[in-house]
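Place chain B on chain A using the hints.
There are 2 protein chains.
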Amino acid sequence: MKTYLECIPCFFKQALEAGRLSGADEKAQKRILDEVALNLPEFSLASSPPETAKIIYGIVKKITREADPYADIKEKSNKLALGIYARLKKKVVSSRDSLLTAVELAIAGNIIDYGIKNTLNIEEELKRILDREEDAIRKEGSSIFDYRHFRAAVKRSKIILYLGDNAGEVVFDRILIEEIKGSGRDKNIIYAVKEKPVINDALRKDALAAGIGNSASIISSGVDTPGTVLSFCSKEFLKIFKRADMVISKGQGNFEALSDCKRHVFFLFMAKCPVIARDAGCKLGDIILLHKSR
Amino acid sequence: MKTYLECIPCFFKQALEAGRLSGADEKAQKRILDEVALNLPEFSLASSPPETAKIIYGIVKKITREADPYADIKEKSNKLALGIYARLKKKVVSSRDSLLTAVELAIAGNIIDYGIKNTLNIEEELKRILDREEDAIRKEGSSIFDYRHFRAAVKRSKIILYLGDNAGEVVFDRILIEEIKGSGRDKNIIYAVKEKPVINDALRKDALAAGIGNSASIISSGVDTPGTVLSFCSKEFLKIFKRADMVISKGQGNFEALSDCKRHVFFLFMAKCPVIARDAGCKLGDIILLHKSR
Chain A
1 MKTYLECIPC FFKQALEAGR LSGADEKAQK RILDEVALNL PEFSLASSPP ETAKIIYGIV
61 KKITREADPY ADIKEKSNKL ALGIYARLKK KVVSSRDSLL TAVELAIAGN IIDYGIKNTL
121 NIEEELKRIL DREEDAIRKE GSSIFDYRHF RAAVKRSKII LYLGDNAGEV VFDRILIEEI
181 KGSGRDKNII YAVKEKPVIN DALRKDALAA GIGNSASIIS SGVDTPGTVL SFCSKEFLKI
241 FKRADMVISK GQGNFEALSD CKRHVFFLFM AKCPVIARDA GCKLGDIILL HKSR
Chain B
1 MKTYLECIPC FFKQALEAGR LSGADEKAQK RILDEVALNL PEFSLASSPP ETAKIIYGIV
61 KKITREADPY ADIKEKSNKL ALGIYARLKK KVVSSRDSLL TAVELAIAGN IIDYGIKNTL
121 NIEEELKRIL DREEDAIRKE GSSIFDYRHF RAAVKRSKII LYLGDNAGEV VFDRILIEEI
181 KGSGRDKNII YAVKEKPVIN DALRKDALAA GIGNSASIIS SGVDTPGTVL SFCSKEFLKI
241 FKRADMVISK GQGNFEALSD CKRHVFFLFM AKCPVIARDA GCKLGDIILL HKSR
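Top to bottom, those sequences are chains A and B. Take the first sequence: its letters are residues 1 to 294, numbered as in the working numbering. Take the second sequence: its letters are residues 1 to 294, numbered as in the working numbering.
The set of hints was computed from the structure by calculation and includes no laboratory data. Some hints could be false.
Given that identical chains are not distinguished, each listed pair holds provided it fits within a single copy or across any two copies.
With a Cα cut of at most 30 Å, we get these calculated DSBU-like pairs of lysine-lysine [claimed, not checked]: (1) Lys235 <-> Lys13; (2) Lys272 <-> Lys283; (3) Lys27 <-> Lys262; (4) Lys292 <-> Lys27; (5) Lys62 <-> Lys13; (6) Lys283 <-> Lys27; (7) Lys27 <-> Lys54; (8) Lys90 <-> Lys54; (9) Lys155 <-> Lys76; (10) Lys187 <-> Lys89; (11) Lys2 <-> Lys27; (12) Lys90 <-> Lys262.
Just chain A, with the same shape it has in the complex (with noise of 0.2 Å):
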């Protein structure tokens, strides 16, 4: 996806966000809005945003020196959905149609990450989510749910590549990785996490805490962008991104630095920004499931 005008206010948002939590004072945060604007005319609409983004939490870093602001964020959420983990999976066995139960909570477990930035109560958005009732997590209005390509996909596909998106949502990846694995004994799994600290995105240690080394292999990708920006992606990462039978994107960050690029990806999202909302064709707040193909 390319960088809209609507998304440059947005990086100052987020850039001061950032700042805060870093422990800039009011010197500080003002230094790391100014120096985030003498780069935006450098800022190039071709580009991703997380591309852009990765400009900005350098920028935050540089001037605050602190490599990870998100720490105690990303340690609560991987605690909270822990435990609701074994309700989650209740959930989804007790299911009629298990895998499509699994991947709904898989893209609703999104809400974390909403419920930091936003303030809202994440336990009562959990709980909302369990309370639902089954295949209704979606019936709220999503617009794009590619599930039977999806289920098609998991059947025939031997290499599956899943691109994680933020820390606590790893619990409800497990969850669908662990119904995936349960389809067939020839599944390779390779879940991929960000490679250094970057917002609340989930690192190596962040997918072990969440339990999926069980099930599946964990690499890095080899980036430090809020998204799989391919362009800074390790070769070995690469490789397994050209060869992957199936890909699996989890998140908004990832579906912007994927949605142009050329191979077949399923990505799974909530669209929590206007913006992407857009640009995908759905509706703010919609579960989306969108295959793209080229």
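Below, chain B without anything else, positioned relative to chain A:
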């Protein structure tokens, strides 16, 4: 009010909005944002937001060469509000405390502005205001409402300076001005508008279209800032501002510009922005009558 860091992303949002309304294509919109960005390091947080807004709207005007992008919106707002003038008047006349109702409506008229910017249904909003029970307009939760002081000041004041805010809202101001004028023959009311177009702020022609000329003399403050920034005002206006027995200041922009000034002022506004609500000590959406005396 000082400029808060949260105002900075909002400045970019406003520049983009004004650029689009001025017919700028995507390239010109990016040029606008780039030029705002290049000026950002010079923005002082000690300045009030309307002072900075002057620079921003100046950039939009320079690049788009469109002097009054909100002209159509202003005309539409005036027409809409004039269309319900008779009903507003009836509501005031038939109420137990007509001055109180006129004050409440004058503040609630600020919703027109909000409606335009957030594409709410303005007519719906106006209907909601009109349908409310007497005294219930601000009962939705206002925390600051110095009506007793306001009523006493109206009673004892001869020269009253009324600082207008937006087009459309001027019709609501007319209702309050007529109410004040009706309370005593000795009242000399002066209604101040902006000198040149800025956003949807009322100009002389909007005040005239609203029919304010029958109850008040209309003057220009001399500014083209979205708020009466004293350092930019004309000498003539400043003389009146200093000598008036009472100053009634409408809208957020005027609060931002004058909340730290050295005379007592009655601020009437709807808190439509979280930063202003926090600064004033109220909740978002509150209908505020704030008496500041120095």
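Hint check results:
1. Lys235 <-> Lys13: Close neither inside one copy (33 Å) nor across copies (39 Å); limit 30 Å.
2. Lys272 <-> Lys283: Both. Shortest intra-copy (9 Å) and inter-copy (25 Å) distances satisfy the 30 Å Cα cut-off.
3. Lys27 <-> Lys262: between (44 Å within a copy, 27 Å between copies)
4. Lys292 <-> Lys27: Classified as between: cross-chain Cα gap 29 Å, same-chain 45 Å, threshold 30 Å.
5. Lys62 <-> Lys13: Both. Shortest intra-copy (17 Å) and inter-copy (26 Å) distances satisfy the 30 Å Cα cut-off.
6. Lys283 <-> Lys27: between (38 Å within a copy, 27 Å between copies)
7. Lys27 <-> Lys54: The answer is both: 22 Å in one copy and 23 Å across copies each meet 30 Å.
8. Lys90 <-> Lys54: neither (39 Å within a copy, 59 Å between copies)
9. Lys155 <-> Lys76: neither (35 Å within a copy, 59 Å between copies)
10. Lys187 <-> Lys89: within (20 Å within a copy, 74 Å between copies)
11. Lys2 <-> Lys27: between (32 Å within a copy, 14 Å between copies)
12. Lys90 <-> Lys262: Close neither inside one copy (38 Å) nor across copies (66 Å); limit 30 Å.
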